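Visitor: Chains as they are written, first to last, in my numbering: chain A, 1 to 88; chain B, 1 to 88; chain C, 1 to 88; chain D, 1 to 88; chain E, 1 to 88; chain F, 1 to 88; chain G, 1 to 88.
Keep in mind the hints are simulated off the structure, nothing from the lab.
The structure displayed is predicted, hence computed values, not measured ones.
Misleading hints may appear alongside valid ones.
Okay, derived cross-link-like pairs now, DSS-like style, lysine-lysine, Cα gap no bigger than 27 angstroms in a straight line [as the list claims (entries may be wrong)]: (1) Lys84(D) - Lys28(F); (2) Lys50(G) - Lys84(F); (3) Lys28(B) - Lys64(A); (4) Lys50(B) - Lys50(D); (5) Lys64(B) - Lys50(D); (6) Lys64(E) - Lys45(E); (7) Lys84(D) - Lys30(D); (8) Lys30(G) - Lys64(G); (9) Lys45(D) - Lys84(B); (10) Lys50(A) - Lys45(B).
Not close to chain F: a few residues of chain G, all C-beta gaps over 12 angstroms, as computed [stated by the list, open to error]: (11) Pro14; (12) Val37; (13) Asp57; (14) Gly88.
We treat Cβ as the ideally placed atom computed from N, Cα and C, and that holds for glycine.
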Amino acid sequence: MSGIKRLVVDVLIPNNIPIDELSLKLSKTKGAEGVDVLILEVERKVEAAKITIEGDDLDFAAIKEVFHQTGASLQSVDRVTCGKRIVG
Amino acid sequence: MSGIKRLVVDVLIPNNIPIDELSLKLSKTKGAEGVDVLILEVERKVEAAKITIEGDDLDFAAIKEVFHQTGASLQSVDRVTCGKRIVG
Amino acid sequence: MSGIKRLVVDVLIPNNIPIDELSLKLSKTKGAEGVDVLILEVERKVEAAKITIEGDDLDFAAIKEVFHQTGASLQSVDRVTCGKRIVG
Amino acid sequence: MSGIKRLVVDVLIPNNIPIDELSLKLSKTKGAEGVDVLILEVERKVEAAKITIEGDDLDFAAIKEVFHQTGASLQSVDRVTCGKRIVG
Amino acid sequence: MSGIKRLVVDVLIPNNIPIDELSLKLSKTKGAEGVDVLILEVERKVEAAKITIEGDDLDFAAIKEVFHQTGASLQSVDRVTCGKRIVG
Amino acid sequence: MSGIKRLVVDVLIPNNIPIDELSLKLSKTKGAEGVDVLILEVERKVEAAKITIEGDDLDFAAIKEVFHQTGASLQSVDRVTCGKRIVG
Amino acid sequence: MSGIKRLVVDVLIPNNIPIDELSLKLSKTKGAEGVDVLILEVERKVEAAKITIEGDDLDFAAIKEVFHQTGASLQSVDRVTCGKRIVG
Numbered sequence: 001m002s003g004i005k006r007l008v009v010d011v012l013i014p015n016n017i018p019i020d021e022l023s024l025k026l027s028k029t030k031g032a033e034g035v036d037v038l039i040l041e042v043e044r045k046v047e048a049a050k051i052t053i054e055g056d057d058l059d060f061a062a063i064k065e066v067f068h069q070t071g072a073s074l075q076s077v078d079r080v081t082c083g084k085r086i087v088g
Numbered sequence: 001m002s003g004i005k006r007l008v009v010d011v012l013i014p015n016n017i018p019i020d021e022l023s024l025k026l027s028k029t030k031g032a033e034g035v036d037v038l039i040l041e042v043e044r045k046v047e048a049a050k051i052t053i054e055g056d057d058l059d060f061a062a063i064k065e066v067f068h069q070t071g072a073s074l075q076s077v078d079r080v081t082c083g084k085r086i087v088g
Numbered sequence: 001m002s003g004i005k006r007l008v009v010d011v012l013i014p015n016n017i018p019i020d021e022l023s024l025k026l027s028k029t030k031g032a033e034g035v036d037v038l039i040l041e042v043e044r045k046v047e048a049a050k051i052t053i054e055g056d057d058l059d060f061a062a063i064k065e066v067f068h069q070t071g072a073s074l075q076s077v078d079r080v081t082c083g084k085r086i087v088g
Numbered sequence: 001m002s003g004i005k006r007l008v009v010d011v012l013i014p015n016n017i018p019i020d021e022l023s024l025k026l027s028k029t030k031g032a033e034g035v036d037v038l039i040l041e042v043e044r045k046v047e048a049a050k051i052t053i054e055g056d057d058l059d060f061a062a063i064k065e066v067f068h069q070t071g072a073s074l075q076s077v078d079r080v081t082c083g084k085r086i087v088g
Numbered sequence: 001m002s003g004i005k006r007l008v009v010d011v012l013i014p015n016n017i018p019i020d021e022l023s024l025k026l027s028k029t030k031g032a033e034g035v036d037v038l039i040l041e042v043e044r045k046v047e048a049a050k051i052t053i054e055g056d057d058l059d060f061a062a063i064k065e066v067f068h069q070t071g072a073s074l075q076s077v078d079r080v081t082c083g084k085r086i087v088g
Numbered sequence: 001m002s003g004i005k006r007l008v009v010d011v012l013i014p015n016n017i018p019i020d021e022l023s024l025k026l027s028k029t030k031g032a033e034g035v036d037v038l039i040l041e042v043e044r045k046v047e048a049a050k051i052t053i054e055g056d057d058l059d060f061a062a063i064k065e066v067f068h069q070t071g072a073s074l075q076s077v078d079r080v081t082c083g084k085r086i087v088g
Numbered sequence: 001m002s003g004i005k006r007l008v009v010d011v012l013i014p015n016n017i018p019i020d021e022l023s024l025k026l027s028k029t030k031g032a033e034g035v036d037v038l039i040l041e042v043e044r045k046v047e048a049a050k051i052t053i054e055g056d057d058l059d060f061a062a063i064k065e066v067f068h069q070t071g072a073s074l075q076s077v078d079r080v081t082c083g084k085r086i087v088g
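This is chain A alone, in the form it adopts within the complex:
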């Protein structure tokens, strides 16, 4: 199957949101096979994270909805990989 196979996004996560819960929620969105939340920097109120999601036909709308519900803030989209196989 095709569609989005990999998403890499920069996200600010408020300190009171457990990282493992956010990662688990993202891993339950449609098509997601693996989610990596990597903390880049811990600031006073938030943690800056780079989140990588891989799978098949990822549902970006559902992913954004998880950010919205948990209070995490999508800062930028770094990378979008599509098609039948991952390249780059």
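Dock chains B, C, D, E, F and G against the given chain A, drawing on the hints supplied.
Guide: Okay, now just chains B, C, D, E, F and G, sitting in the frame of chain A:
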């Protein structure tokens, strides 16, 4: 099959174009098997991206047409890999 | 199976706790398949360690309990990887 | 089969020559299995490229003829790999 | 089998102890499958070494006993990897 | 079979000797399976090259004879790998 | 079989000793499967080399004897790897 197997291009993408939609459109051009849109720099009105497309007998004209239709601007061709297998 | 597949955490370990015992205890928590305790810096009373735990459906509560019982102090969560396979 | 298995050359390509056409033409010379044209620098009238050609018993004379016909200028030969298998 | 699968330690080895004999002795402790003694620095009376031991259910007490018997001095434990497989 | 399996040498090649011909000649010496001539620097009259030859029971005398016949000058031997398999 | 599986040593080789002969002689010591002589620096009377020997149950005494007979001078032992498999 031969023809173009890998294209790497530098593109300026206006901020209002969703990266995932551009990536998906490129992945539907003839011969494309994988597309990676990597954002290098976010500027005021555009995002500078390096786009890698791999497949078999890629249709460069169709790829340019996707850029044209979405308003993305092809800045330069970085790499063109042709033949029966990818080298370099 | 899914759940948490990889945890990377920063921990301060008091000097009187043998590293091998802490590593062994962590490897016996539910779901853990491999544990790596890497000492980053030896300070006067504690050693700063980066601990990586991989497995299937890791039990973060049990892991924290091991830190609590041994007197090790969880400083920060660096990375949480979830889903059917490890990415990132 | 033996003969030349890999050639790496530095070439100046006039700006009006499409890179994809040059790459495709090179991939059709005898023995060529893969061609990579990597643009190193874009200058006012030309683009400096490193071209890698792999295959079996490559025809260097035919390759030079492609450069001659397209107006590309062979600057230097960086690497020539010969024999039954690629080394180095 | 589980237990300790990899140990990395810093050791000071007196100059009169042959490195190969120390390495061989360590490789004969219970569970050891491979031992690497890497000399980092040669000082006036001792050589500073990083020793890596891999195997299954390594016997740290027996390893320390080898250091004790040969006159080598365990400076610090750098890394302890446990469980069913090596991670990190 | 054993003997010399890999030779790496520094050679000065006069500018009038085609690199591909030198590489081909070396690939025809006894035991040679692969030859890589990598140009490191182009000087006024010569090109400084690092040449790697791999095979089985390489004939160093014959290789030197090729240099002698073509006018290439062997500057130094960088590496000689012998035995049943390549190490290092 | 176990014993020493990898030795890395620093050796000074007088300029009049052909590197290929030294490498071949080392490859004929008991247990040796591969020998790599890498020249690090060429000085006025000697060449400084890093020599890596891999095999099974290497005979360090025989290796030292080769150095002695050829006039090469063992400067230091960098690494000794023992056991059933190579680690580190």
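Visitor: Now look at each hint and say whether the structure bears it out.
Guide: Taking the hints in turn, this is what the structure says about them:
| no. | hint | verdict |
| --- | --- | --- |
| 1 | Lys84(D) - Lys28(F) | holds, 10 angstroms |
| 2 | Lys50(G) - Lys84(F) | holds, 19 angstroms |
| 3 | Lys28(B) - Lys64(A) | holds, 24 angstroms |
| 4 | Lys50(B) - Lys50(D) | holds, 19 angstroms |
| 5 | Lys64(B) - Lys50(D) | holds, 24 angstroms |
| 6 | Lys64(E) - Lys45(E) | holds, 21 angstroms |
| 7 | Lys84(D) - Lys30(D) | holds, 17 angstroms |
| 8 | Lys30(G) - Lys64(G) | holds, 12 angstroms |
| 9 | Lys45(D) - Lys84(B) | violated, 31 angstroms |
| 10 | Lys50(A) - Lys45(B) | holds, 23 angstroms |
| 11 | Pro14 | holds, 14 angstroms |
| 12 | Val37 | violated, 5 angstroms |
| 13 | Asp57 | holds, 15 angstroms |
| 14 | Gly88 | holds, 14 angstroms |
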